[in-house]
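I would like the entire structure built from these sequences, with the hints used as guidance.
All residue numbers for the sequence shown refer to the numbering used here, where the first residue is 1 and numbers rise by one.
A portion of the hints provided could be inaccurate.
Below, a list of computed lysine-lysine pairs in the DSSO-like style, where the Cα atoms sit at most 30 Å apart [claimed, not checked]:
{"#": "1", "residue 1": "LYS102", "residue 2": "LYS120"}
{"#": "2", "residue 1": "LYS41", "residue 2": "LYS120"}
{"#": "3", "residue 1": "LYS41", "residue 2": "LYS102"}
The set of hints was computed from the structure by calculation and includes no laboratory data. All figures in this text were calculated on a predicted structure; none of them were measured in a lab.
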Amino acid sequence: MAIALFIYLLALVCWLGGMIFFSIFVAPVVFGSLPISEAGKVVAGIFPRYYILGYVAGIIGVILSIYFALSRAPRLWWGLAALALVIALGLTLYAGAMVRPKVDQLRTVAEETNPDPGRKAEFQRLHRLSVAINGAVMVLDLLALLSTAAALAPHV
Numbered sequence: 001m002a003i004a005l006f007i008y009l010l011a012l013v014c015w016l017g018g019m020i021f022f023s024i025f026v027a028p029v030v031f032g033s034l035p036i037s038e039a040g041k042v043v044a045g046i047f048p049r050y051y052i053l054g055y056v057a058g059i060i061g062v063i064l065s066i067y068f069a070l071s072r073a074p075r076l077w078w079g080l081a082a083l084a085l086v087i088a089l090g091l092t093l094y095a096g097a098m099v100r101p102k103v104d105q106l107r108t109v110a111e112e113t114n115p116d117p118g119r120k121a122e123f124q125r126l127h128r129l130s131v132a133i134n135g136a137v138m139v140l141d142l143l144a145l146l147s148t149a150a151a152l153a154p155h156v
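This is the structure:
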C-alpha cells in the first residue's frame with residue numbers, strides 16, 4: 001500500500017509540477033527571449049512530451065485514486081480525488097489530441113505580416129482554449145492533491 005501511495009503522489013507531483021514549471025518559467029522565458037517564430041517552434045517541440053507526461057501521470061493517478069477510493073477510508077475524499085483526476089485526464093486528452101494539432105496547423109499565422117483574419121482569429125481562439133484547459137487541469141490537480149491530503153490527514 002505504501003508503494004502504491006508513493007507512486008500516486010509522485011504522479012500528481014510530476015503532472016502538476018510539470019505544468020507549473022512550463023507555464024510560469026518555460027513559456028515566458030522562451031517567448032521573452034526568442035523571436036516569435038523561433039519561440040513557437042520551441043514550444044511546439046516541447047508540447048508532445050508535455051502531454052505525454054499528463055497522459056501517463058493522469059492514468060496512474062486515476063487508476064490509483066480509484067483503487068484507494070475502493071479500498072481505503074475515507075472514501076469520500078478518495079472519490080473526490082478520483083473524480084477530479086478523471087476530469088483532468090479527459091481535458092488533457094482533449095487538449096493534446098484535438099486542440100494541439102489544430103493550433104500546430106495554424107501556428108505560423110502568428111508570424112505572418114498580414115495574416116488572414118479568419119485564421120488569426122481561429123488561432124487566438126484555440127490558444128485561449130488551450131490556456132483555459134491547462135488552467136482547469138491545474139485547478140483539478142490541486143483539488144485532487146487537497147482531497148488526498150484530507151484523506152490522509154487522519155493517518156498522519
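Taking the hints in turn, this is what the structure says about them:
For the suggested pair LYS102 and LYS120, the alpha carbons sit about 12 Å apart, so the restraint of at most 30 Å is met. Straight-line distance between C-alpha atoms of LYS41 and LYS120 comes to about 17 Å, which keeps the hinted pair within the 30 Å bound. This hinted pair checks out: LYS41 and LYS102 have alpha carbons roughly 15 Å apart, not beyond 30 Å.
Every hint from the earlier list agrees with this structure, and none is contradicted.
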